[in-house]
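A.B. asks: Listed here are the chains, written in short residue letters.
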Amino acid sequence: MASPETPVTPPPVVLAARGLTRQYPGVRALDGVDLTLRAGEIHALLGENGAGKSTLINLLTGAQPRNGGTITVDGVEIDPDGPGGAVRAGIAAVYQEITLLPNLSVAQNLYLGREPTRWGLVHRARMNRDGAALLRRFGLTIDASRPLSDFSTAVQQLIAIARAVDLSAKVLILDEPTASLDTAEVQTLFTLLRTLRDQGLAIVFVTHFLDQVYALTDRITVLRNGRLVGERLTAELPRLELVAMMLGKAPTAESHLGRRPATAAPSGTPLVRAQGLGRRRLVGAFDAELHAGAVLGAAGLLGSGRTETALLLFGVETADQGELIVDGKTVTLRSPRDAIRLGFGFCPEDRKLDGIVAGLSIRENIVLALQAKRGWWRRLPPARQRELADHYIKLLDIRTPDAEKPIQLLSGGNQQKALLARWLATDPRLLILDEPTRGIDVGAHAEIVRLLEDLRDRGMALYVISSEIEEVAAYSDRVLVMRDRAPAGLLEGDTITPAAIVNAIAADHQTKGAA
Amino acid sequence: MMGRFVNTRTLPLLATVVVFVLIYAACAAQYPTMLGLRVMGNLLTDNAFLGILAVGMTVVVVAGGIDLSVGAVMGLTTVALARLIEGAGMPPALAFALVLAGGGLFGAGIGAAVHYLKAPAFIVTLTAMFLARGCALLISTDSIPIHNAAYDTLAGAALALPGGGRLTLVAGIMLATFLAGGVLLHGTRFGARVFALGGNAHFAQLMGINTGRTTILVHAFCSLMAALAGIVFSLYTRSGYALTGTGVELDAIAAVVIGGTLLTGGVGGVAGSFIGVLIQGLILTWITFDGTLSSWWTKIAIGTLLFAFIAVQRLILVVSARYGRPGAGPTAPSPSTRPRPSPGAAAPSAP
Numbered sequence: 001m002a003s004p005e006t007p008v009t010p011p012p013v014v015l016a017a018r019g020l021t022r023q024y025p026g027v028r029a030l031d032g033v034d035l036t037l038r039a040g041e042i043h044a045l046l047g048e049n050g051a052g053k054s055t056l057i058n059l060l061t062g063a064q065p066r067n068g069g070t071i072t073v074d075g076v077e078i079d080p081d082g083p084g085g086a087v088r089a090g091i092a093a094v095y096q097e098i099t100l101l102p103n104l105s106v107a108q109n110l111y112l113g114r115e116p117t118r119w120g121l122v123h124r125a126r127m128n129r130d131g132a133a134l135l136r137r138f139g140l141t142i143d144a145s146r147p148l149s150d151f152s153t154a155v156q157q158l159i160a161i162a163r164a165v166d167l168s169a170k171v172l173i174l175d176e177p178t179a180s181l182d183t184a185e186v187q188t189l190f191t192l193l194r195t196l197r198d199q200g201l202a203i204v205f206v207t208h209f210l211d212q213v214y215a216l217t218d219r220i221t222v223l224r225n226g227r228l229v230g231e232r233l234t235a236e237l238p239r240l241e242l243v244a245m246m247l248g249k250a251p252t253a254e255s256h257l258g259r260r261p262a263t264a265a266p267s268g269t270p271l272v273r274a275q276g277l278g279r280r281r282l283v284g285a286f287d288a289e290l291h292a293g294a295v296l297g298a299a300g301l302l303g304s305g306r307t308e309t310a311l312l313l314f315g316v317e318t319a320d321q322g323e324l325i326v327d328g329k330t331v332t333l334r335s336p337r338d339a340i341r342l343g344f345g346f347c348p349e350d351r352k353l354d355g356i357v358a359g360l361s362i363r364e365n366i367v368l369a370l371q372a373k374r375g376w377w378r379r380l381p382p383a384r385q386r387e388l389a390d391h392y393i394k395l396l397d398i399r400t401p402d403a404e405k406p407i408q409l410l411s412g413g414n415q416q417k418a419l420l421a422r423w424l425a426t427d428p429r430l431l432i433l434d435e436p437t438r439g440i441d442v443g444a445h446a447e448i449v450r451l452l453e454d455l456r457d458r459g460m461a462l463y464v465i466s467s468e469i470e471e472v473a474a475y476s477d478r479v480l481v482m483r484d485r486a487p488a489g490l491l492e493g494d495t496i497t498p499a500a501i502v503n504a505i506a507a508d509h510q511t512k513g514a515a
Numbered sequence: 001m002m003g004r005f006v007n008t009r010t011l012p013l014l015a016t017v018v019v020f021v022l023i024y025a026a027c028a029a030q031y032p033t034m035l036g037l038r039v040m041g042n043l044l045t046d047n048a049f050l051g052i053l054a055v056g057m058t059v060v061v062v063a064g065g066i067d068l069s070v071g072a073v074m075g076l077t078t079v080a081l082a083r084l085i086e087g088a089g090m091p092p093a094l095a096f097a098l099v100l101a102g103g104g105l106f107g108a109g110i111g112a113a114v115h116y117l118k119a120p121a122f123i124v125t126l127t128a129m130f131l132a133r134g135c136a137l138l139i140s141t142d143s144i145p146i147h148n149a150a151y152d153t154l155a156g157a158a159l160a161l162p163g164g165g166r167l168t169l170v171a172g173i174m175l176a177t178f179l180a181g182g183v184l185l186h187g188t189r190f191g192a193r194v195f196a197l198g199g200n201a202h203f204a205q206l207m208g209i210n211t212g213r214t215t216i217l218v219h220a221f222c223s224l225m226a227a228l229a230g231i232v233f234s235l236y237t238r239s240g241y242a243l244t245g246t247g248v249e250l251d252a253i254a255a256v257v258i259g260g261t262l263l264t265g266g267v268g269g270v271a272g273s274f275i276g277v278l279i280q281g282l283i284l285t286w287i288t289f290d291g292t293l294s295s296w297w298t299k300i301a302i303g304t305l306l307f308a309f310i311a312v313q314r315l316i317l318v319v320s321a322r323y324g325r326p327g328a329g330p331t332a333p334s335p336s337t338r339p340r341p342s343p344g345a346a347a348p349s350a351p
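Line by line, the protein sequences give chains A and B. Position one of the first sequence corresponds to residue 1 (my numbering), numbered consecutively onward. Position one of the second sequence corresponds to residue 1 (my numbering), numbered consecutively onward.
These are computed hints drawn from the structure, not numbers from a lab. Source: prediction; values computed, not measured. Note that CB positions come from ideal geometry on N, CA and C, so glycine has one too. Heads up, some of the hints might be wrong.
What the hints assert, rightly or not - Derived Cβ-Cβ restraints for the label pairs, each shown as a range:
| id | chain 1 | residue 1 | chain 2 | residue 2 | range |
| --- | --- | --- | --- | --- | --- |
| 1 | A | 233 | B | 212 | 38 to 48 Å |
| 2 | A | 116 | B | 123 | 36 to 46 Å |
| 3 | B | 212 | A | 116 | 21 to 31 Å |
| 4 | B | 122 | A | 327 | 50 to 60 Å |
| 5 | B | 18 | A | 74 | 39 to 49 Å |
| 6 | B | 123 | A | 374 | 38 to 48 Å |
| 7 | B | 212 | A | 13 | 48 to 58 Å |
| 8 | A | 79 | B | 89 | 48 to 58 Å |
| 9 | B | 212 | A | 387 | 35 to 45 Å |
| 10 | A | 34 | B | 312 | 51 to 61 Å |
| 11 | A | 117 | B | 176 | 18 to 28 Å |
Only chain A is shown next, with the shape it has when bound in the complex (with noise of 0.2 Å):
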């Protein structure tokens, strides 16, 4: 580790925020958030979907109005109300897409609004110079004149960088910024990073990758659901304690969720095997046994390659390497629409993006899938919907007055209730849902796993992917554990307890983040 020797004062505050709330219709994002950033600290922000993390960044950048609490940056209570605001107030934000114009040139980037002048008009030539020059400090030696987009990803994100610091040098906030830089790009922002502490800047790292949170940072605070989990020391916050508290869950605590009875672990031909299936870039080869009758739970943090595993299996993205036997047959999925051919249904992670068509009503919703898969110049009848809508209402209790609601004005719990309706018609022999309980208050978890268990035991297979790791252990017969794209091992019977998934996940391993 690069960090100085630990001094016995901890390092001056410079930016404190205390209490912060943001309130959306029906969802608290944020409630009552503390924060506080230290002079010449790499502070991580951590925390799965949901947790609170861009809302957090963007009540600090002033990008939306908060609904309580303050912030002081160097004992001076600032109310940014707007990215002008806060760079006034010394804080500036970089983000994983870069936010910087392709189409002017790197200099106008780095000078945007504050263009050195000459007689009224703008000093190109000294605007090049001097952003030649800034950027050679940032370690970066290049043509200020030319076009941004002549630059790649990780240049440009530098460029960003060197303007954000250049703009207000006192809290940097870095939003995921290795998401899309290979190893060298990131050891290469790294040593920048670095310097940048040492010349006192507080800096906010957030990230999903955990090896890269123990290689580069000082201190990290756990956000889940909203609220703030804790802030450690990094050298003090072993992994497994950091991932059981982004997971909200202890450890060593026992499931209070039964485990049924001890299967033998399926054996015979599975229904689906994956063979070292990936695709480049997206995610390493992985094996996976799908049997009739069997649940595979899929578990592993955000970013951890375990949807990507998913949209392999359903053919949204095309395996580069590996193959895919279904029946005994060697397979290759194209498209959605050869998995649903054969069988396949899936309930993608995001219900409000992927899933539900919020202005259909609910019978729309549910026939949708079937009558894609008879094509559609076939059209059900209007009769035959009916049917089949009002009886998957009385199966999985979805609770409405009547069919044709608008699935909108349903709870979070029964628009997915209603999804998997959608693929229950279609009859499907294997079920993948991501995370089918995100978002979804507490009471209706418990029925959704009452269901996929239902389900499971009129002999469909199920490929279940979630972040709650007690339900993962409750109801799947075997658990593929995903870490850092790329398979971390598999659990089977017995062996599968959170306590075990939890230890999976964070199992140290050869760090590729550090120095």
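Using the hints, position chain B against chain A.
C.D. replies: Same frame as chain A, now just chain B:
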């Protein structure tokens, strides 16, 4: 170092220059008199109003917008001038100041509507077009001739060019407008903000640009240019008529696009628009010299050219995306086409 100057941005402009030279050479080969300064001087005078409109339109299009109201604003200006000078007996200088201020305010209103109502510029300026044309027709449906000594002096003022040519005052105003537009767009902080706005309005805002102010100023400038074009046209015809400039907004847009400014915003400049105006004028002059063709052939020629230019621009983008330097392609035109690295990597603004 050809590569330094020939790139995705300069290539459309270069193509425009080549087309202009080719057309001019073809004209000169057939009618040697077209080479003279007399014809060139007339070309500038006849297209002065279009050139001034094109300057304003270039700024709006670079900012990522469009303005369909410039022809109507120009018509309103001519009829308002005629009514003020002829009807109310106002001195021309005061009338000019009045219509220019009115034009600027009108444009500021358009910009405010575009920004605060978050309405597409296309719809807002279409509305403004009807509004301005309606007002013009309300003032008078007839053509009003302007009889004013000062007016005649201004209209007749010209610089003698060698070879019997004349550089009239209106042509001079047009050339000065292009110079001023070029300095504004390429030499000032405001110009940099216009390019930033056209590149990506959201990113520009994240970088601290006041996009509302910039949008309002851009549209105010465009309508100001339309009012100036109205003054120039009324000097040119020494009259005011409400239906003046019907459809010239489209000629102005054509000149801007032929000049290499991308309709998607963020790339372009006034130099290309100047050549775009000259190409249109040249084709019309050639048809006049020929004498047997209907002048509507100009529209057909411009339509064909416009289509060819749009196709060529698209081709250049596609080719440079495939064979260009790393990052020059997909990242340049639209950030949204980038493949998402992982579904978990949410956009920075997502709650």
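A.B. asks: Taking the hints in turn, state whether each one holds.
C.D. replies: Here is what the structure says about each hint:
no. : hint                      : in the structure
1   : A/233 - B/212: 38 to 48 Å : holds (45 Å)
2   : A/116 - B/123: 36 to 46 Å : holds (39 Å)
3   : B/212 - A/116: 21 to 31 Å : holds (25 Å)
4   : B/122 - A/327: 50 to 60 Å : holds (55 Å)
5   : B/18 - A/74: 39 to 49 Å   : violated (59 Å)
6   : B/123 - A/374: 38 to 48 Å : holds (41 Å)
7   : B/212 - A/13: 48 to 58 Å  : violated (35 Å)
8   : A/79 - B/89: 48 to 58 Å   : holds (57 Å)
9   : B/212 - A/387: 35 to 45 Å : violated (55 Å)
10  : A/34 - B/312: 51 to 61 Å  : holds (58 Å)
11  : A/117 - B/176: 18 to 28 Å : holds (22 Å)
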